[in-house]
Each structure stands twice: as C-alpha cells, then as structure tokens.
Amino acid sequence: MPTLIKDGQVVDNPWSLLAKDVDLNTALSDESSHIVVPFALWQEHKDSLMESGKAVAVCVDSDDDPYELANDVIDLPLICLNFPVFRDGRAFSAAAILRERLNYQGEIRAIGDVLRDQLFYMKKCGINSFDLADGVKVEQALAAFNEFSTSYMSTVEEPLPLFRRR
Amino acid sequence: MYIYDNYDKQMLQDRIVQFRDQTRRFLAGELTSEQFLPLRLQNGLYIQRLAPMLRVAIPYGCLSSRQLRKLASIARDYDKGYAHFSTRQNIQYNWPVLEQVPDLLAELAEVEMHAIQTSGNCIRNTTTDQFAGVAVDEIEDSRPWCEIIRQWSSFHPEFAYLPRKFKIAVCGTPNDQAATQVHDIGLYIKKNDKGEIGFQVLVGGGLGRTPVIGATICEFLPWQHLLTYLDAIMRVYNRFGRRDNKYKARIKILVKEIGVDAFRDKVEAEWLHDKDGPATLTHEEVARCRVFFTDPDYQDLDDIDQAIEDAAASDLLFSHWLERNVALHKKPGYRIVSLCLKETGVAPGDITDTQMEFVADLADKYSFGEVRVTHEQNLVLTDVRLQDLYAVYLACKKESLATPYLGLLNDIVCCPGGDFCSLANAKSIPIAESIQRRFEDFDIQKNIGEITLNISGCMNACGHHHVGNIGILGVDKKGSEFYQVTLGGSSDRDTSLGKVLGPSFAQAEMPDVIDKIINVYLENRQADESFLATYNRIGMDPYKEKVYANAD
Ligand code: HEM
Ligand code: SF4
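Chains as they are written, first to last, in this note's numbering: chain A, 1 to 166; chain B, 1 to 552.
Errors might be hidden in some of the hints.
To be verified - Here are a few chain A residues that sit away from chain B, every Cβ distance over 12 Å (derived from the structure): (1) SER29; (2) GLU44; (3) GLU107; (4) LEU115.
Stated by the list, open to error - Just a few of them, taken from the derived set where beta-carbon distance is under 7 Å, the chain B residues facing chain A: (5) ASN6; (6) GLN10; (7) GLN18; (8) GLU158; (9) TYR161; (10) ASP244; (11) ASN245; (12) TYR247; (13) ALA269; (14) ALA279.
If you are wondering where the hints come from, they were derived from the structure by calculation, not from laboratory data. Note that beta-carbon positions come from the ideal geometry of N, C-alpha and C, so glycine has one too.
Start from the sequences, fold in the hints, and give me the full structure.
So this is what it looks like as structure tokens:
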C-alpha cells in the first residue's frame with residue numbers, strides 16, 4: 001500500500017490516478033469518485049470533466065507548462081506534480097509557479113519517484129502532499145521535513161529571505 | 001572574511017547530520033548507488049579512478065590562515081599529505097575513505113568550511129578575481145556580492161536538481177582575472193553615471209565539449225535586483241534546459257537553441273513577477289555583508305623601499321620574483337604577492353600539508369592572516385608590506401614556493417588528467433612537466449613574456465584549455481594517448497576560444513611542438529607584442545607550417 005503524507009500526517013488517498021493515455025470515456029467511467037486526469041485530457045475536456053459529478057484533479061508532468069492552468073486553479077482541489085525520476089527537478093519550479101504566480105491554494109501533491117531525500121526541498125517549494133515511492137520509510141520521510149532549521153533564500157514556504165529576518 | 005553567525009552555523013550542522021545519515025543509509029543498502037549519487041555529489045564527493053575524491057569549497061577563493069591549517073591537517077589525517085587546488089577556487093583531496101567523509105566534513109565545519117554544492121547538477125561555488133578588494137583598478141569589491149550569492153544559492157530548494165551543473169563568476173575589475181565570460185552566468189560589476197552599482201549579466205558561457213562565450217542579456221542590472229534576476233534565469237533554465245542528453249544540458253545549449261533574445265524575453269517575463277518582491281536586496285543586507293570585507297589596519301607607508309631595491313640588485317632570482325609575482329596594491333607601501341604552485345616536477349596546483357601550514361604562518365606574519373586561491377591554481381597573499389617582500393621571498397624559497405613564473409610559460413594550468421581522473425583520455429600532469437623542463441630557464445621564459453598554457457586530459461576542459469593562449473587537450477586515438485593543440489584562446493576581458501592547430505601529437509613530441517610554436521612567435525613578434533597579439537595579427541598558418549613542416 002503506497003503511503004500518502006499530507007501536511008505532515010499519514011492520510012488515506014481517495015484519488016485515483018489515471019494513466020497518461022486515458023480517454024475521456026474511460027476517465028468518466030472510473031469507479032472512483034475522485035479522479036486525477038492527465039494534463040492533456042484536462043485541457044481538451046475541461047468542461048465535460050467538470051460536469052461529470054466527479055471530483056477532478058490534474059496531473060502535471062515535468063514537461064507540461066503549469067502556467068497553462070492559470071484560469072483553472074480556482075476549480076482544482078488538487079494538482080499532482082509528477083517526478084518521472086527524482087533527478088528531474090522541473091516540478092520544483094512548477095510547484096513554485098503554481099503557488100507564487102498562479103496563487104494556487106489547493107493541495108499540491110508530489111507523485112512518481114518521490115524519495116525521502118528530496119522531500120524537504122519539495123515542501124519548501126510549496127508541495128504539501130507526498131505520495132511516497134515504494135520502499136520509502138514513513139518515519140524517515142516524516143523526519144525529512146525538518147532537516148534544515150531555516151533557509152537563506154526566499155521560498156514559497158517562507159517568502160522572506162533570511163536577510164530580512166536575521 | 002565572512003564570519004558565520006548562528007544561522008550559518010546551524011545550517012552547516014544540519015547539512016552534516018543530513019549527509020551522515022545519507023551515507024549511513026547508503027552503506028546499509030537503503031539507498032541505491034543511483035539515489036546516493038546526487039546526494040554525495042552535492043557534498044563534493046566523487047568516486048574516482050583510485051579512490052573517492054572530495055572537493056571542498058573555498059568560497060570566492062578566500063581562506064583564513066586558520067582554515068588553511070585545517071586543510072593541511074585534513075590532508076595529513078585523511079589523505080596522503082597533499083591536496084590539489086583546482087581551476088575553480090576549490091581544493092580537492094584524492095584519497096579520502098567514504099566512511100570517514102562525514103567526520104572530515106565535521107572537521108571542516110569547525111572552521112566554517114564545507115563541500116556543499118561543489119559538484120552535482122546544482123549551483124556551484126561562486127568564483128571571483130583573486131585581487132578583489134586590493135586591486136588598483138577595482139570598480140567595486142566583488143566579495144560581499146559573492147557572499148550574497150553564496151547564501152542565496154546554498155540549499156536553494158528549487159535549483160538542486162538542475163539539468164546540469166551551474167557556475168557563476170563575479171568580476172569587479174576592468175581587467176578580468178575570473179574567466180567571467182566562460183561561466184554559466186558571468187557578472188561584471190559596473191557603476192552608472194550616478195555612481196550606483198549594477199551588474200552586466202552574461203549567460204551561457206562555458207567550456208566542456210562545446211565551448212561558448214557568454215552573451216550579455218542585461219547591460220546594467222541595478223544591484224537591488226540581483227537575486228530576483230538570478231532566480232528568474234535559474235527558473236527558465238531549470239524548466240527549459242535539456243534533460244534528454246547530458247552533453248546538451250548546460251544553459252549554453254538552451255541559449256543557443258532558442259537564441260539570446262528569446263532567452264532574455266523568457267527571463268524578463270519571469271522576473272517581472274519577482275521584481276521588487278521580498279527577495280529584493282536591501283541596503284542593510286549589503287552593508288552587513290560589506291562589513292566583513294573592510295580594509296585591514298593598513299599602515300601609512302612610503303611606496304618606495306631602498307632596502308628592497310638593493311636586495312633586488314644583488315639577488316637576481318629575487319628580482320625575477322619581484323618582477324613577476326608581485327603586483328601593485330591599492331594602498332601605497334603594500335603589494336600583492338602570488339605564490340606560484342608550479343614547481344617543475346610537482347603537479348600544477350598540488351600542495352603538501354607542510355607547505356599549507358607554512359603559507360598559513362606566512363599569512364599570519366605578513367598578510368593579516370588571509371590567503372586567496374586563484375583559478376590559475378596559485379595562492380595569493382593580498383596585503384604584504386613592500387618592506388617585507390624580501391623576507392617573504394626568502395621564506396618561500398625554502399619551501400619551494402618561490403618560483404618566479406607567474407604569468408609565464410611554466411605557470412601551466414593543468415587538470416589531474418589520467419593519473420587521477422576516471423574520465424580522462426590522456427594524462428596531463430606529465431605533459432606539463434615535460435614542457436616545464438624544456439623551458440625551465442627563467443631568461444627563456446622572460447623573453448617569451450606573458451602567455452597562458454592550459455592542459456586538459458579530456459574534452460570536459462577542467463584545465464580550461466580552450467581559453468589558454470596555447471591549449472593542450474588529451475585525445476584518444478585508437479587506444480593511445482594523443483594531444484591536440486589549440487592557439488589563440490584567452491579568458492581576459494576579450495575572451496576568445498582557441499583554434500585547433502592540426503592533427504594531434506604523441507606525448508613525446510609535445511615539448512618540441514611547443515618549442516616550435518614559441519619560435520614562430522619569437523621570429524614574428526613586433527616590439528613588445530605578446531604571444532596572443534602576434535597570433536591575432538599573423539594567424540594560424542605560420543604556426544601550422546612550422547610545426548608540420550617535416551610531416552608526411
Ligand atoms: C577528478 C575529478 C573530476 C571530474 C570527474 C570532473 C568532471 C568534469 C566534467 C564531466 C566536466 C564537463 C562538464 C560539462 O561540460 O558539462 C568538467 C568541467 C570542468 N571542471 Fe572538472 N572534473 C574533475 C576535476 C576537476 C579539477 C581538478 C578541476 C580544476 C583543476 C576541474 C575544473 C573544471 C572546470 C573549470 C570545468 C569547465 C567548466 C565548464 O564547462 O564551464 N575539474 N569537469
Ligand atoms: S578535463 Fe577530463 S581528465 Fe581532466 S579532470 Fe576534467 S574530466 Fe578529468
């Protein structure tokens with residue numbers, strides 16, 4: 001059972017993550033009432049998805065442009081950011097863009113290759129839920145969020161840089 | 001020197017605890033090699049040909065004597081009694097043991113040093129001119145700005161997994177000693193008509209297999225906006241830099257592919273949001289950082305010293321050293337002294353534990369306890385009284401640190417090459433030595449005059465061969481080590497990339513080849529024209545003709 005951490009707590013995950021190549025009908029007939037649809041499907045069928053009666057979230061892959069969600073953030077309770085491999089750092093910027101530029105207030109979830117040693121930075125960039133990759137130990141993951149006592153630069157979590165707080 | 005406060009100390013401690021745990025988990029099999037790789041790299045740890053290699057940051061090249069003593073004791077306790085100064089104002093240990101690295105890092109932290117972000121696909125150690133703060137022609141001391149950038153870039157959560165490594169250089173003098181234009185971001189400090197400080201921002205410079213000179217994307221960025229602008233550049237690079245091919249992942253390729261104007265547009269669009277936001281620099285912060293770099297207690301001294309002139313008249317080697325290794329200082333009666341780590345027979349940039357301790361003592365006695373490291377792999381004492389020069393020289397001579405070659409042919413810049421590096425195509429240290437032996441005589445070198453010779457053991461270009469007046473690159477030719485020669489490179493304010501002379505040479509041929517190239521220069525030079533100026537005037541052909549004359 002994959003572990004989901006949200007705002008520092010282990011929680012259940014009601015969301016069903018749909019495959020990247022899913023079509024509209026398959027998406028709508030998914031048995032879950034909470035579906036995470038791929039970015040392209042969302043862009044093409046936003047209205048049908050919104051009217052489906054399901055709770056709908058979007059998965060932004062590392063090569064998708066988060067700015068394209070500018071008009072949608074208000075409708076989305078959850079945005080998933082995919083880390084195809086932990087070394088692919090684009091989602092850190094995507095998270096910061098969603099929070100700082102698009103003022104997104106909902107849940108941002110890291111999915112994919114979400115490992116213990118990147119969690120702290122993810123959180124700093126505004127990601128607040130973490131679908132841990134297989135094998136990541138929960139206690140270790142929870143400890144990771146407090147690895148550093150503070151940060152020098154302006155971050156999503158603490159916009160005031162250290163030099164304005166020192 | 002910047003002095004850590006409790007915030008800096010705490011973050012450094014946090015990092016040590018973090019890496020200790022990461023190392024433990026790796027050794028316990030909880031982290032795969034692939035997962036551990038970027039973690040150890042961001043703590044300066046490579047696995048090399050013979051052993052791990054640890055790269056320790058010397059932020060913008062500034063060291064206190066206390067730090068240098070610590071580097072010496074680490075060389076003794078964790079390594080084989082020596083270390084290597086690199087072309088990036090870092091120091092490298094070639095023989096540490098992985099299990100001991102967390103302890104080694106804890107020792108470094110005692111003197112406010114670390115190996116953070118000295119490797120890996122993150123923002124690396126920021127480099128600058130080794131004469132910062134004392135140069136006669138300085139526009140503005142670059143060190144406080146480097147410190148501001150160091151803090152901004154340390155543990156930056158958004159930019160720890162970039163497409164590739166990222167290097168920033170800052171230069172505050174008209175005469176560029178920081179190779180600013182071959183960095184991912186180069187910053188020239190400028191003053192406008194009102195005397196306000198700003199930065200000319202260059203992006204997309206770099207060496208490696210595709211050498212590129214950086215392009216200006218902003219002529220004058222007012223200083224308040226430095227960090228927000230850097231954030232904008234980094235974000236554009238992080239999002240759009242190529243990740244499909246390691247060799248095309250540097251920012252220079254992105255800038256080339258989309259064009260400088262399109263790149264600038266993206267940066268400016270991103271910057272608009274952050275401009276004037278909380279990351280905007282304040283007068284207070286700049287003042288706070290400047291305090292660490294104010295002038296030491298200089299005395300009011302005459303700028304002539306008869307005793308030194310007499311010593312120079314009677315001691316020929318001292319007069320050579322005075323001429324080459326000693327530079328003018330902004331303060332009358334003081335001089336900037338370079339210790340050239342290029343003794344023939346010693347790998348360029350290598351230094352022993354006892355030499356480090358010696359330099360630390362010398363700094364305490366004669367130069368306010370500070371030492372600088374240069375990207376040409378030498379050391380600098382920035383504040384030596386003119387009247388002390390002879391004493392300093394004699395002391396250095398005993399420790400084999402008084403080679404009077406600075407800026408001459410034997411002041412060779414050279415990467416570790418095939419003797420240490422697992423990426424090498426060919427050895428580089430023995431080439432340096434064979435050339436140094438050929439040109440050992442000071443008068444020959446002096447007659448040749450200012451010249452730079454850079455050697456890299458492969459196209460990664462750690463020895464900056466593209467920007468050497470003469471560049472030597474190790475290549476693999478059907479399994480044997482060969483060397484390609486380039487001419488005309490320079491990392492000055494007028495940066496240029498060397499051009500290939502022709503087919504490559506075997507190791508044994510190299511001293512002769514260099515000899516022939518030098519002879520073409522000597523035969524063609526006009527008045528006191530430098531090697532580079534002559535090359536720029538007469539072009540490649542005469543060199544080609546001479547070097548390949550008897551080929552076929
Ligand atoms: C021994 C272990 C080392 C390894 C494995 C290594 C690896 C590399 C690699 C792969 C690159 C090319 C990066 C690229 O083109 O994207 C590179 C560039 C570079 N390295 Fe090293 N290096 C080592 C040691 C050194 C040393 C000892 C120095 C200084 C003497 C150094 C200074 C540099 C510089 C200045 C560059 C060029 C920067 C640029 O492309 O902009 N490296 N290194
Ligand atoms: S240039 Fe090549 S051989 Fe030399 S240190 Fe760099 S990677 Fe190694």
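Tested hints:
Chain B leaves SER29/A outside its interface by the beta-carbon criterion, the shortest separation being 35 Å against a cut-off of 12 Å. Its beta-carbon lying about 23 Å from the closest one in chain B, GLU44/A satisfies the requirement of being farther than 12 Å from that chain. The non-interface label for GLU107/A is consistent with chain B: the shortest C-beta to C-beta separation is roughly 19 Å, beyond 12 Å. A Cβ of chain B approaches the Cβ of LEU115/A within 12 Å, the least distance being about 6 Å, so the stated non-interface status is violated.
The restraint placing ASN6/B at the interface with chain A is violated, with a minimum CB-CB distance near 10 Å, outside the 7 Å limit. Taken as an interface hint, GLN10/B checks out: its beta carbon lies about 5 Å from the nearest beta carbon of chain A, inside 7 Å. Of the supplied interface hints, the one on GLN18/B holds, with its beta-carbon coming within about 5 Å of a beta-carbon of chain A, less than 7 Å. For the restraint placing GLU158/B at the interface with chain A, the shortest Cβ-Cβ distance is roughly 5 Å, inside the 7 Å limit, so the hint holds.
For TYR161/B, the suggested interface contact is upheld, since its CB lies about 3 Å from the closest CB of chain A, less than 7 Å. Interface hint at ASP244/B: violated, since its Cβ lies 10 Å from the closest Cβ of chain A, which is beyond the 7 Å cut-off. Because the smallest distance between the Cβ of ASN245/B and any Cβ of chain A comes to about 14 Å, over 7 Å, the interface hint for this residue is violated. For TYR247/B, the suggested interface contact is broken, since its CB lies about 16 Å from the closest CB of chain A, more than 7 Å.
With a cut of 7 Å, the hint placing ALA269/B at the interface with chain A is violated, because the nearest CB-to-CB distance is about 10 Å. Contact between ALA279/B and chain A, as hinted, is supported at the beta carbon level, the nearest pair being about 4 Å apart and thus within 7 Å.
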